[in-house]
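Peer 1: Since the structure of chain A is already known, use the hints to place chain B on it.
Heads up: the protein sequence lines correspond to chains A and B, in order. Under my numbering, the residue at position 64 of the first sequence is numbered 64, and the numbers go up by one with no gaps. Under my numbering, the residue at position 25 of the second sequence is numbered 25, and the numbers go up by one with no gaps.
These are computed hints drawn from the structure, not numbers from a lab. There's no promise every hint is true.
Copies of the same chain look alike in the list, so a pair counts if it works inside one copy or between any two.
To be verified - List time: in silico DSS-like cross-link candidates among lysine-lysine, alpha-carbon distance up to 30 Å:
hint, residue 1, residue 2
1, LYS315, LYS9
2, LYS282, LYS369
3, LYS403, LYS243
4, LYS127, LYS282
The primary structure of each chain is shown beneath.
Number of protein chains: 2
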Amino acid sequence: MVAYEELSKEELLQLKSDLEAQFEDVKAQNLHLDMSRGKPSTEQLNLSMDMMDVLRSDSDLVCEEGVDCRNYGVLDGIAEAKQLLADMMEVPKDNIVIFGNSSLNIMYDTIARSMTHGVMGSTPWAKLDKVKFLCPVPGYDRHFAITEYFGIEMINVPMTPTGPDMDMVEELVSTDPAIKGIWCVPKYSNPQGITYSDETVHRFAKLNPAAKDFRIFWDNAYGIHHLYEDKQDYLIEILMECKKEGHPDMVYKFSSTSKISFPGSGIAAIAASDANLADIRKQMRIQTIGHDKLNQLRHARYFGNIHGMVQHMKKHADILRPKFDIVLNTLDKELGGLGIGSWLAPRGGYFISFDSMDGCAKAIVAKAKDAGLVMTGAGATFPYGKDPKDSNIRIAPSYPTVKELKLAAKIFVLSVKLVSIDKLLQTK
Amino acid sequence: MVAYEELSKEELLQLKSDLEAQFEDVKAQNLHLDMSRGKPSTEQLNLSMDMMDVLRSDSDLVCEEGVDCRNYGVLDGIAEAKQLLADMMEVPKDNIVIFGNSSLNIMYDTIARSMTHGVMGSTPWAKLDKVKFLCPVPGYDRHFAITEYFGIEMINVPMTPTGPDMDMVEELVSTDPAIKGIWCVPKYSNPQGITYSDETVHRFAKLNPAAKDFRIFWDNAYGIHHLYEDKQDYLIEILMECKKEGHPDMVYKFSSTSKISFPGSGIAAIAASDANLADIRKQMRIQTIGHDKLNQLRHARYFGNIHGMVQHMKKHADILRPKFDIVLNTLDKELGGLGIGSWLAPRGGYFISFDSMDGCAKAIVAKAKDAGLVMTGAGATFPYGKDPKDSNIRIAPSYPTVKELKLAAKIFVLSVKLVSIDKLLQTK
Numbered sequence: 001m002v003a004y005e006e007l008s009k010e011e012l013l014q015l016k017s018d019l020e021a022q023f024e025d026v027k028a029q030n031l032h033l034d035m036s037r038g039k040p041s042t043e044q045l046n047l048s049m050d051m052m053d054v055l056r057s058d059s060d061l062v063c064e065e066g067v068d069c070r071n072y073g074v075l076d077g078i079a080e081a082k083q084l085l086a087d088m089m090e091v092p093k094d095n096i097v098i099f100g101n102s103s104l105n106i107m108y109d110t111i112a113r114s115m116t117h118g119v120m121g122s123t124p125w126a127k128l129d130k131v132k133f134l135c136p137v138p139g140y141d142r143h144f145a146i147t148e149y150f151g152i153e154m155i156n157v158p159m160t161p162t163g164p165d166m167d168m169v170e171e172l173v174s175t176d177p178a179i180k181g182i183w184c185v186p187k188y189s190n191p192q193g194i195t196y197s198d199e200t201v202h203r204f205a206k207l208n209p210a211a212k213d214f215r216i217f218w219d220n221a222y223g224i225h226h227l228y229e230d231k232q233d234y235l236i237e238i239l240m241e242c243k244k245e246g247h248p249d250m251v252y253k254f255s256s257t258s259k260i261s262f263p264g265s266g267i268a269a270i271a272a273s274d275a276n277l278a279d280i281r282k283q284m285r286i287q288t289i290g291h292d293k294l295n296q297l298r299h300a301r302y303f304g305n306i307h308g309m310v311q312h313m314k315k316h317a318d319i320l321r322p323k324f325d326i327v328l329n330t331l332d333k334e335l336g337g338l339g340i341g342s343w344l345a346p347r348g349g350y351f352i353s354f355d356s357m358d359g360c361a362k363a364i365v366a367k368a369k370d371a372g373l374v375m376t377g378a379g380a381t382f383p384y385g386k387d388p389k390d391s392n393i394r395i396a397p398s399y400p401t402v403k404e405l406k407l408a409a410k411i412f413v414l415s416v417k418l419v420s421i422d423k424l425l426q427t428k
Numbered sequence: 001m002v003a004y005e006e007l008s009k010e011e012l013l014q015l016k017s018d019l020e021a022q023f024e025d026v027k028a029q030n031l032h033l034d035m036s037r038g039k040p041s042t043e044q045l046n047l048s049m050d051m052m053d054v055l056r057s058d059s060d061l062v063c064e065e066g067v068d069c070r071n072y073g074v075l076d077g078i079a080e081a082k083q084l085l086a087d088m089m090e091v092p093k094d095n096i097v098i099f100g101n102s103s104l105n106i107m108y109d110t111i112a113r114s115m116t117h118g119v120m121g122s123t124p125w126a127k128l129d130k131v132k133f134l135c136p137v138p139g140y141d142r143h144f145a146i147t148e149y150f151g152i153e154m155i156n157v158p159m160t161p162t163g164p165d166m167d168m169v170e171e172l173v174s175t176d177p178a179i180k181g182i183w184c185v186p187k188y189s190n191p192q193g194i195t196y197s198d199e200t201v202h203r204f205a206k207l208n209p210a211a212k213d214f215r216i217f218w219d220n221a222y223g224i225h226h227l228y229e230d231k232q233d234y235l236i237e238i239l240m241e242c243k244k245e246g247h248p249d250m251v252y253k254f255s256s257t258s259k260i261s262f263p264g265s266g267i268a269a270i271a272a273s274d275a276n277l278a279d280i281r282k283q284m285r286i287q288t289i290g291h292d293k294l295n296q297l298r299h300a301r302y303f304g305n306i307h308g309m310v311q312h313m314k315k316h317a318d319i320l321r322p323k324f325d326i327v328l329n330t331l332d333k334e335l336g337g338l339g340i341g342s343w344l345a346p347r348g349g350y351f352i353s354f355d356s357m358d359g360c361a362k363a364i365v366a367k368a369k370d371a372g373l374v375m376t377g378a379g380a381t382f383p384y385g386k387d388p389k390d391s392n393i394r395i396a397p398s399y400p401t402v403k404e405l406k407l408a409a410k411i412f413v414l415s416v417k418l419v420s421i422d423k424l425l426q427t428k
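Here chain A stands alone, though its shape is the one from the complex:
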């Protein structure tokens, strides 16, 4: 492969003409493809259908503690569901509080509570002149949407192959008391699929924040969402690590079964220190009489225990792996060596992150749309939707069928090539 930059203007124009013909061919097919969202496919949803039969009209709906799950009672989760999610989140059962169907909602509530009531007795953030959050980029748009909604200033921190730039994190967190948190997706990160290295986690646990109410928002959304049985990333458990370093209260950990059972109908939890959970329960007691215990029971009985859940995740992996392979193989084959984009091959999670030449991401997404392929909006992976280099594009291969994905990947690389050529031609 010859890098595009090495080509002459004439060669680029010839190439462009060939690629445009291909693009028109695809466009003529009038396709409707979507690689925009980290949604499980129908085939994946079918994996959990037996869950619908777990609780029946003749079932005993009393949980281990002897509470009738059909009635009021039990604020923070039934014992068997706590055990299951504790094992999934690698923390003791007592450090788990179960909420409703969405870990995003727990994160939202956590920020909202900090705004109005502070953190373990600190000044409510709404009463401060300025509140800031660190945002490793590229990252998850819905995290950034929450902090933006509450008027929290977001500071970009570049991601590296081992996690966020920890020099920058340490410097900022230790000197600026307005910095109250950092958004992290520490394993198979959204969108890059990066898992924080041991050193990164150690450095997180050793942070000495200027703000006493600084918290690490550790969104371990993809903790057991591996793609390969023989190639798995390992992430150090942060709660224990913070405890060891004398900062037991510095982290909130979030997770859910959204991409294990059913998105929207799963169960979600927070894991944190006793002191943090006591603070959270004070609010919960006011906010709700309790979450859906029948759905907690349904999940606990369906999976049985963490081993059942891990087995279940292998079935998800079997469906997802070929899809990731299609995209990665197409990227390798079509773009490898051209010098017009870079990407990582993740070992888990839901996304592939693509970095185009600077200033090309928006145009690539628009080009792809022109041929019937919807991608996540360029910029979405940055706070305020502003990618300073306009280069990052999130690819979500989970939802389309294998057949659709082959077409989608083809459209994507065509779009990358065409936009890159236009860019290069500007300077030839």
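Peer 2: Coordinates of chain B only, in the frame set by chain A:
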């Protein structure tokens, strides 16, 4: 019956001695009875067990709009669940947004959002020096807990047999811009079982608040929770009424199926004007990807439509009616004419409200506990847990069995008599 007040000191002492003997007899039985919480009984929960079989592993889980309810998508409720709750709440389908499992949680979120983001563009309440709420008393402790949690000053407004004292409501709401809301349980109110009269609702709809962001928090928790088929209260629908009066945005209406299907595993909704719902959706989009659509589908398919739900409520009534009758008959028979307490006979809802002689409620609840009967804490029906007269006690007859209830009612009236005699003896 001779009123206790008419009795001489000697007669009271003799009576006290007889009643104490009865009380000791009951106490010796070492009972564990509970009339403290508005919890459906096991028999009532059993009514909805077939709901567990509605969605099965071989069911089509696609809703009317063509969305797979197992996956992400649909922020504010699937169409068939909206229709069901719209009919239940007597509003158009488009004025409904469905949330999770708890209307209390919606109310909490509504206040929390108003604190940080204001109401339809108004100044966030957290930025104001003072925010006040009107609280018809006696009322629902969990309403008061929310406003207390957010530091909102609560002003007691006495309940009358036709609803809150509207002269006072009109006067305060029209003159004090710090008053941002009023908590209402307009039908079969908690705890009195009072339904607001037509005039009361009309006067609510005609309010001219000094605060543009004043809202009526209309918690219609017991809208279809009748006890009798032939004696039902009728409540004018407030959304339409406010619209007619030119105040379409002045009210939020809340409801859930907690006491229709399963407490904690039901579905809950808010009904409001288009403008209010647009304001709410702005937050929802940040807070969550969507609530549990499978549970929405389960409810919609189980009840079919509002007629199915109304039929279902008759079965609840058949279980609840005899329980209310036991308590009311015992009160009538044992306390009627004694001048030591008053109560209303509600036609629906979950509670009977008892007013003792002033200064006796706490002592009565303590006395009952002494004999193994747990009542709702005295004072709970007032903001800050402070009943100025120390006279109101909430009786919740739903959870105990008929047999338990007979004993519980007996203990209760014995406790009332004994405490009242002590009170009267102080001035003899």
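Peer 1: Against the structure, test the hints numbered earlier, and report the numbers of the ones violated in rising order.
Peer 2: As far as the earlier hints go, 1, 3 are violated by this structure, in ascending order.
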